[in-house]
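Read top to bottom, the protein sequences are chains A, B and C. Counting in the UniProt record's numbering, the first sequence runs from 1 upward without gaps. Counting in the UniProt record's numbering, the second sequence runs from 1 upward without gaps. Counting in the UniProt record's numbering, the third sequence runs from 1 upward without gaps.
Since the hints were made in silico from the structure, they are not lab data. Wrong hints could be hidden among the right ones.
The calculated label-pair distances, taken between Cβ atoms and stated as ranges, are [claimed, not checked]: (1) B:Pro202 with A:Glu287: 32 to 42 angstroms; (2) C:Phe56 with A:Asp360: 54 to 64 angstroms; (3) A:Pro402 with C:Val42: 42 to 52 angstroms; (4) B:Pro202 with C:Thr117: 46 to 56 angstroms; (5) C:Gly80 with B:Phe189: 48 to 58 angstroms; (6) C:Thr117 with B:Val71: 16 to 26 angstroms; (7) C:Phe56 with A:Glu128: 50 to 60 angstroms; (8) A:Thr401 with B:Gly151: 35 to 45 angstroms; (9) A:Glu152 with C:Thr73: 34 to 44 angstroms; (10) B:Leu82 with C:Glu182: 36 to 46 angstroms.
Because the structure is a prediction, the values reported are computed rather than measured. Yeah, the Cβ is synthetic: ideal placement off N, Cα and C, and Gly gets one too.
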Amino acid sequence: MRVRIPRRLAALAAVTALLSSCGLAGGDDDVVTLDFWCWGDLQTARVDAFNAAHPDIQVRRTDAGGGNDSATKLLTASRAGNAPDVTCVEYQTIPALVVSDVLADIADHVGGLADEFTDETWQLTSFEGQVYGVPDDVGPMVLLYNRARFEELGLAVPATWEEFAEVAAEARERDPDTYVATFSPTEFGNFAGLAQQGGATWWEVDDRRWTVGIDDEASQRVAGYWQDLIDRDLVNAEPLLTPEWNNRVNRGEVLTWPAGLWSPSVIYGIAEGQAGDWAIAPLPHWEGESDAVAFQGGSALSVTNDAENVEAAVEFVSWMETAAESTDVQISGGQYPASLSGQEAAVLSDPPTLTAGQDDYWDVATAAARNTVPHIQWGPNVTTANDAYADAFSAAIRDRTPLTDALARTQREVVAEMERVGFPVTG
Amino acid sequence: MSETTSGPASGPATDLAAGAAPAAVSAPAPDSGSGNGARGAPPPRAGGGRRGLGGFLAPYVFLTPALALFVAFLAIPVGYALYLSVQGLRIVDEGVFGTRSEVFVGFANYADILTDSTFWAGFGRMALYGVIGVPLTLGAALLFALLLDYGGARARRFSRAAIFLPYAVPGVIASLLWGFMYLPSTSPFSHVTEELGLGGIPFLDGGWIFPSLANIAVWGGIGFNMIIIYTALRGIPPELADAARIDGCSEWRLALRIKVPLVAPALVLTGLFSLIGTLQVYGEPTMLRPMTVEIDQTWVPLMYIYRDGFIRDDLPMAAAGSVVLAIGTLVLSLALLRVTQRRTFGGAQ
Amino acid sequence: MSASTTGARRPGLLPHQRARLLPTVVLLIGAFYCLVPLAWIVVAATKSNTELFSTFTFTPGTGLLDNLRELFTYQDGAFGRWALNSLLYAGLGSLLCTLISAVAGYAFSRYEFPGRTALFYLILAGVLLPGMLLAIPQYIIMTKIGMVGSYWSVLLPGLISPFAIYLARVYADAAVPVSTIESARMDGASEYRIFGTIALPMMLPGMVTIFMLQFVGAWNNFLLPYVMLSDESRFPINVGLYTLLSKGSGEPSLYSLAIVGTAVSVLPLIALLLFLQRFWRLDMISGGLKG
Chain A
1 MRVRIPRRLA ALAAVTALLS SCGLAGGDDD VVTLDFWCWG DLQTARVDAF
51 NAAHPDIQVR RTDAGGGNDS ATKLLTASRA GNAPDVTCVE YQTIPALVVS
101 DVLADIADHV GGLADEFTDE TWQLTSFEGQ VYGVPDDVGP MVLLYNRARF
151 EELGLAVPAT WEEFAEVAAE ARERDPDTYV ATFSPTEFGN FAGLAQQGGA
201 TWWEVDDRRW TVGIDDEASQ RVAGYWQDLI DRDLVNAEPL LTPEWNNRVN
251 RGEVLTWPAG LWSPSVIYGI AEGQAGDWAI APLPHWEGES DAVAFQGGSA
301 LSVTNDAENV EAAVEFVSWM ETAAESTDVQ ISGGQYPASL SGQEAAVLSD
351 PPTLTAGQDD YWDVATAAAR NTVPHIQWGP NVTTANDAYA DAFSAAIRDR
401 TPLTDALART QREVVAEMER VGFPVTG
Chain B
1 MSETTSGPAS GPATDLAAGA APAAVSAPAP DSGSGNGARG APPPRAGGGR
51 RGLGGFLAPY VFLTPALALF VAFLAIPVGY ALYLSVQGLR IVDEGVFGTR
101 SEVFVGFANY ADILTDSTFW AGFGRMALYG VIGVPLTLGA ALLFALLLDY
151 GGARARRFSR AAIFLPYAVP GVIASLLWGF MYLPSTSPFS HVTEELGLGG
201 IPFLDGGWIF PSLANIAVWG GIGFNMIIIY TALRGIPPEL ADAARIDGCS
251 EWRLALRIKV PLVAPALVLT GLFSLIGTLQ VYGEPTMLRP MTVEIDQTWV
301 PLMYIYRDGF IRDDLPMAAA GSVVLAIGTL VLSLALLRVT QRRTFGGAQ
Chain C
1 MSASTTGARR PGLLPHQRAR LLPTVVLLIG AFYCLVPLAW IVVAATKSNT
51 ELFSTFTFTP GTGLLDNLRE LFTYQDGAFG RWALNSLLYA GLGSLLCTLI
101 SAVAGYAFSR YEFPGRTALF YLILAGVLLP GMLLAIPQYI IMTKIGMVGS
151 YWSVLLPGLI SPFAIYLARV YADAAVPVST IESARMDGAS EYRIFGTIAL
201 PMMLPGMVTI FMLQFVGAWN NFLLPYVMLS DESRFPINVG LYTLLSKGSG
251 EPSLYSLAIV GTAVSVLPLI ALLLFLQRFW RLDMISGGLK G
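Could you put together the complete structure from these sequences and hints?
Right under this line is the structure:
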């Protein structure tokens, strides 16, 4: 025993040495090595393809956990001067990372890359001419619905939110166990997207002066709408993606999920048995108003301030977003590419397994992606807003107090924290 | 009670075990020389004069690795945390949104946290959770230990092993397990009550959340505490119990009047474990949070601290919160020891 | 456990036998309570992701082999690597910690030297610190010395345990007679020789207990590796399992994978605990309190 342990350690050290020498690919001085943090199983194949095509740049991928975990680690690593060269970031965390001086402005290196994206998409990562990342995948919002159950219950797909409320009532009548949708008090990004569709501007910045509008009129209206559905027991108010909720989905008791275009792969992950049963439709809009939708979720690739070779990092990022070898992996894995070329390639592919039966899947998807709300600005403390939202809305659901009050409470907490930290803010 | 919170340095086992150290405060002072009377070990006051220079240096040499590690991974980090707690991240006018940088803010973080009602609300919930969980854990552990010690019960080896097993289950995992036991669609308990026509049990709703959470801690904590009390019971000389029986004392009275007072030190110790475990509760509510709307981000103090440090990226604030919590732990532990020492140790001698 | 003890009270029982029934039943209820969730994880490990949420909790599923195959092939065998990492962190870490603590505990127990009391209490105060207070500064220190993300960043901070040092001192008090040390000194043995050849063997049973406590603690330690490591291939098992449950948006949690992983990782630990139970000397934990 006494001998074995050190020997195991020695073996381990040897393995570790081996692993790190692999990353240096021959140790040639001309080869640039990039560290890349990103979650998700898709990244391995994309990075491998890049490495195969670029003998002079080798990328080492690390999975540092999903969006929130990764952002937290990124902040800590950056403070220690230890951040990776390139990292995946969720769009809404970009301003916070910029404020903490984690992300590099790559405006001087991107050339004409902006032309590869719609303006609305490019605006997700660039602010006043400064570029803090390149969009990787986007989630234009659509209405994912269980078509088989809709047909079974004789329901029509709603085009407007007004119709959505009617369908909600009909669904309850025809099957008392079934709800048309779930209002989750913890889905900050979802509610933000719905509010943005209705014209809300949650953050605005002008010459470093912030305006917070989480509690604005448009958001109040959206909150009021869902309040009404909850009060009439037409939607189920509970967290999403819990085992409990997954179970409901499996029983066919959740009819729709208004969410980003990545939603089919999520539902497929929890209800494989319903493959082919679902379809997407344009997200309902407000009667007489624009049918542009917001984005929910999605992420960008950003270069950090710790990157030594920004040129190489940008080359990697550009390739990831525009090369067919990369975007094809995204599409087959259920991600919707951010770049126009990727989105065009998607049209030629099969729809996701969950919605396998839908012939016009990509038409609906493309229409949503080309008609999005411009200038979505996230704030420097979205995580605080996210918590405050989840806490306030959960409490409102629990105590049956108005959602509009919860919105006001969220606004107050966000503004208070921004003031405490020293942002000039009006709200 | 929630191993996620026990730093590597602060706990060898669960947080329960981590709490054992303050117990030493009540142990005889190292140089009092009373040593371990129970086992008849002679006092450690040994041969100072005869050791020579090598002997003089020896204890320091022996202590070098421990002290070096202590300084590197406990003392310096604590100092750094204290330093951090008087810093603050504030906005300076740079960049498109402004940039956060670290400046000295004095006691502003402490002022903020001590006047934040959310932080104190977390203490309140933690207290309620502890008031339910700690007596149940200790009561059950004592009961099972007494039954194991009582010769009459059968299946003792099996029961002892079974009750001890949850100790091997990491707190994160235990919370997940129980989470599934609570969720209406997967709960076997709700399944049974529904079959009986009573409807499901709302484990995760309203006030139920407190006993539900406390139960996870009880489940994980009974075994370890039971073993400690049990081993203490085994240390009682059998003649004592025999004498009592001859005097016509019932098993029940024997347990209550003789055994329990004799293992009082072990009870104090387990009480301390539980107290510290309660103060550092974090894992259970965090794991159950996605399953219920009852638990918010700052439900107990450590969740509040975690939110500041890891979600809001406000390490100085988290450092201040940790310092407050550490001081609170120290004060409560010493208070518990002082009160119980006067009673149990004074009375038992 | 047998039917005769749990069966309803029969009329023919003698008084002293009846007295045994209640304690046995209470103990068995306790055992049942402790075993139910463990039984659950074993059953749940046999279920596919869909069965997990759609069949009765204690109905065995059909997916055990698939789950196991999926677990061990997940990301090219990541689970096996996590298990080995955990063994390394917990095994090697606890071994070293036990040695360091034994040496320190012996010094505190069997020597008098200036600053002994102060040092001892100083070290003991370490247990009062919330892990979170230490994690961030430890991370920054590890970064400064260039070790963050390495195996050492998790191993080294785990080597100092105030509780283990306390236990070692209590045990040395009890197990190493001063007279033995004295006579060895008379024979001219050096202090280090005395410790290595006389005191250490005497303390061995207590060290097994310290090792076990440390092992379980290190095996369950979550926060430190979670903060220190960003490379999945160096994760210990519980951090790895946690990542299965907290995938980012767009990736559903891998419940069935996490559950079968939990079962696979908990069962060996339980076996180890049951096996080593006889060597435990937990009485010494409270022994220090007896005045």
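How the hints compare with the structure:
Range check, Pro202 of chain B to Glu287 of chain A: Cβ separation about 39 angstroms, and the 32 to 42 angstroms hint holds. The hinted window of 54 to 64 angstroms between Phe56 of chain C and Asp360 of chain A is violated, with their beta carbons roughly 40 angstroms apart. Roughly 46 angstroms separates the CB atoms of Pro402 of chain A and Val42 of chain C, a value that falls within the hinted 42 to 52 angstroms. Hint check: Pro202 of chain B to Thr117 of chain C, Cβ distance near 53 angstroms, so the stated range 46 to 56 angstroms holds.
Between Gly80 of chain C and Phe189 of chain B the beta carbon distance is about 35 angstroms. The supplied range of 48 to 58 angstroms is therefore violated. The given range of 16 to 26 angstroms is respected by Thr117 of chain C and Val71 of chain B, whose C-beta atoms sit roughly 18 angstroms from each other. The given range of 50 to 60 angstroms is respected by Phe56 of chain C and Glu128 of chain A, whose C-beta atoms sit roughly 58 angstroms from each other. Look at Thr401 of chain A against Gly151 of chain B: about 59 angstroms separates their beta carbons, and that is not inside 35 to 45 angstroms.
One distance hint, 34 to 44 angstroms for the beta-carbon pair Glu152 of chain A and Thr73 of chain C, holds here, with the actual separation near 38 angstroms. Checked against the hint of 36 to 46 angstroms, the C-beta distance between Leu82 of chain B and Glu182 of chain C comes to roughly 44 angstroms, which is consistent with it.
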